[in-house]
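With chain A fixed as given, assemble chain B onto it according to the hints.
There are 2 protein chains.
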Amino acid sequence: MSFELLATDPSSSARRGRLTTPHGVVETPVFMPVGTQGTVKAMHPDELKALNSQIILGNTYHLFVRPGMEIMQAAGGLHAFANWDRPILTDSGGFQVFSLAKLRKIKEEGCHFQNHLDGTPMFIGPETSMEIQATLGSDIAMLFDECTPYPCEAKEAEKSLDLTLRWAKRCRAWIDEHKPQTGGGAQQHFGIVQGSVYEDLRKKSARELVAMGFDGYAIGGLSVGEPEEDMMRIAEWVTPLLPANQARYAMGLGTPPQMIELIARGIDMFDCVLPTRLARNGTAFTHEGMMNLRNACHAKDFRDLAEDTHPLCRGFSRAYIRHLVQAQEILGLRLISLHNLHFYASLASRARQAIEQGCFAEFRAEVVAKYTSHPAAPES
Amino acid sequence: MSFELLATDPSSSARRGRLTTPHGVVETPVFMPVGTQGTVKAMHPDELKALNSQIILGNTYHLFVRPGMEIMQAAGGLHAFANWDRPILTDSGGFQVFSLAKLRKIKEEGCHFQNHLDGTPMFIGPETSMEIQATLGSDIAMLFDECTPYPCEAKEAEKSLDLTLRWAKRCRAWIDEHKPQTGGGAQQHFGIVQGSVYEDLRKKSARELVAMGFDGYAIGGLSVGEPEEDMMRIAEWVTPLLPANQARYAMGLGTPPQMIELIARGIDMFDCVLPTRLARNGTAFTHEGMMNLRNACHAKDFRDLAEDTHPLCRGFSRAYIRHLVQAQEILGLRLISLHNLHFYASLASRARQAIEQGCFAEFRAEVVAKYTSHPAAPES
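Heads up: the protein sequence lines correspond to chains A and B, in order. Offset between the first sequence (1-based) and our numbering: plus 3. Offset between the second sequence (1-based) and our numbering: plus 3.
Simulated from the structure, these hints should not be mistaken for lab results. Here the structure is a predicted model, which means the values were calculated and not measured. Be careful, since some hints might not be right.
It does not matter which identical chain is meant; a pair holds if it fits inside one copy or across any two.
[As the list claims (entries may be wrong)] No more than 30 Å apart at the CA atoms, straight line, and that leaves these computed lysine-lysine pairs for DSBU-like: (1) K182 x K207; (2) K182 x K303; (3) K105 x K303; (4) K162 x K206; (5) K207 x K52.
Bound-form chain A, shown alone:
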């Protein structure tokens, strides 16, 4: 088994685990920085290692469109191409096809679309997605699914889920036939639970995927606009149906308290663009909420971003970083990205420690109580 359960929290469903992949071990709960186009925005791989990033994401859709599979094949996969020797997880491409591509047509065979760069007609179906991800050589490949929008009528959600399940079967068949390898080991494949906000659909999705047997399971279609209570409820419906000895991944999430609350519901893996996306907007995460460095109150604040900021950010004052942001200097977003990724990595690391030490309940209460979720609230 690639996933080892090391400890569980008596007060919740939180778990401390260890996922072994061909390119290395991942301690969970884990936060995974997003490397959309084969690079975590503004970061050097050496910095990601200094941040203790255990595993990063790659986006199948983006890499399929550019640089394309011919170059990726010639490079020998994404690890070699991006000069990253630790684990990589790739998504299926489905989400971006639905959110970015033009003139997309979803059919039984898969999805026809025009790419967002130059409108070239392209196709991704379950087998294509598996094949692309095999070429990318990611350690963990995600199944090709359809992600329902929010809100979504029950009937539509069911129709979409049934298609996703038929696609999952085709992915399963492709994997069994091709047995893709990477880094001298077997590529792992995670199923994605869909079903919108409907309990019966979510449970059906989880049960059928588990019956097909994958290496791990993700919850998809979260954070698409639904209330936070729905997000938590969905996790509560689904996780009890997933095998305890396999990893669970909540896709595309979330704010710091959401991450902690989902850990409490038995989720092991997270990815989120917020740390790097908000950095480009001048926003830093703190234990008390978000800090917008553009605000005038930071102009003469010569303190570091936080006392526990990353060593690479020490000695750079809020006043200086504010100046860099105002002057649109790259070092500004680099420093905030480093700080934010460190913030998320530390949160996951502290969660791991809290579960190990049996004090997750206190940790959870403290983090959630301290954090103000108003995004970039005006300060002073």
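What follows is chain B alone, placed relative to chain A:
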């Protein structure tokens, strides 16, 4: 004396020197990365140290306009603000006032202008420039001068030079009165030789500045459009008139062969925006000339940028960097900036070694012969 002459080249006027400043020692000939707005574009100070950057530049005009002197004063100067503990040289602000500011009016007292950001009316004169640079706390401050355009009639050039010389006297008086300190030592001040392409004016400028007595001397008004032969001729007129035991700085230069040819004419210090500016355009320096990473011929070229690229750039192929440039990912320009700054730093370091070892003539011939000066010539 702050400048020590360690070795001279028998075949040319090249010199190997050592400049001692309050924030540390600078081995010359030296290339100084440009940190216009208090940051060398896209670089982290740790990277600059990994590149062996001995001294960086700051732009008085830019820092005066933003963040402004109130913040700079509160920060305790540019070293503390930018988290850089090695030497800094600041220019006088004159060049940017003339090239960037709007509605500028040059009068006897100095220059009135509207800043390029929001049009606020501002003033910089010789005393203001000295005062700003004292507040910035640079190790080397440049005198406030007027830089003539090219071409420039002899009469105009003479009128401008006379103003620059009167301004130099006022700078001298301000320095003698205020004796600005930085890093526990005396700030140094370099005079700037002007006079366009006219031998009599250039020589007059050099003689009068030397008579006033400064800590070092720069040649200004180069690379403003004049033919390269003029640039070299000007250096040949001026350097013999400058004291051998003081540093000489050619402002805003140049291509790799220009740098070597000016070293051969007795110049010790260089600054140039090309390494970082061209990086943002996808262009890397090589010993054979410039390489435009956007060109399709690099799409499947999995070699490093160069065999002697910087360790921080190793393992990143031309194909990958091309992808990053095409996808407008920051890591692309970071890697090319690192490579280009390393290229310039290595060139200066090799020049130092060649002068020490008595083989500068061979080094000079080899570098100049190999380098093709066609900017970003199409390859393949």
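Ascending list of hint numbers which this structure does not respect:
5
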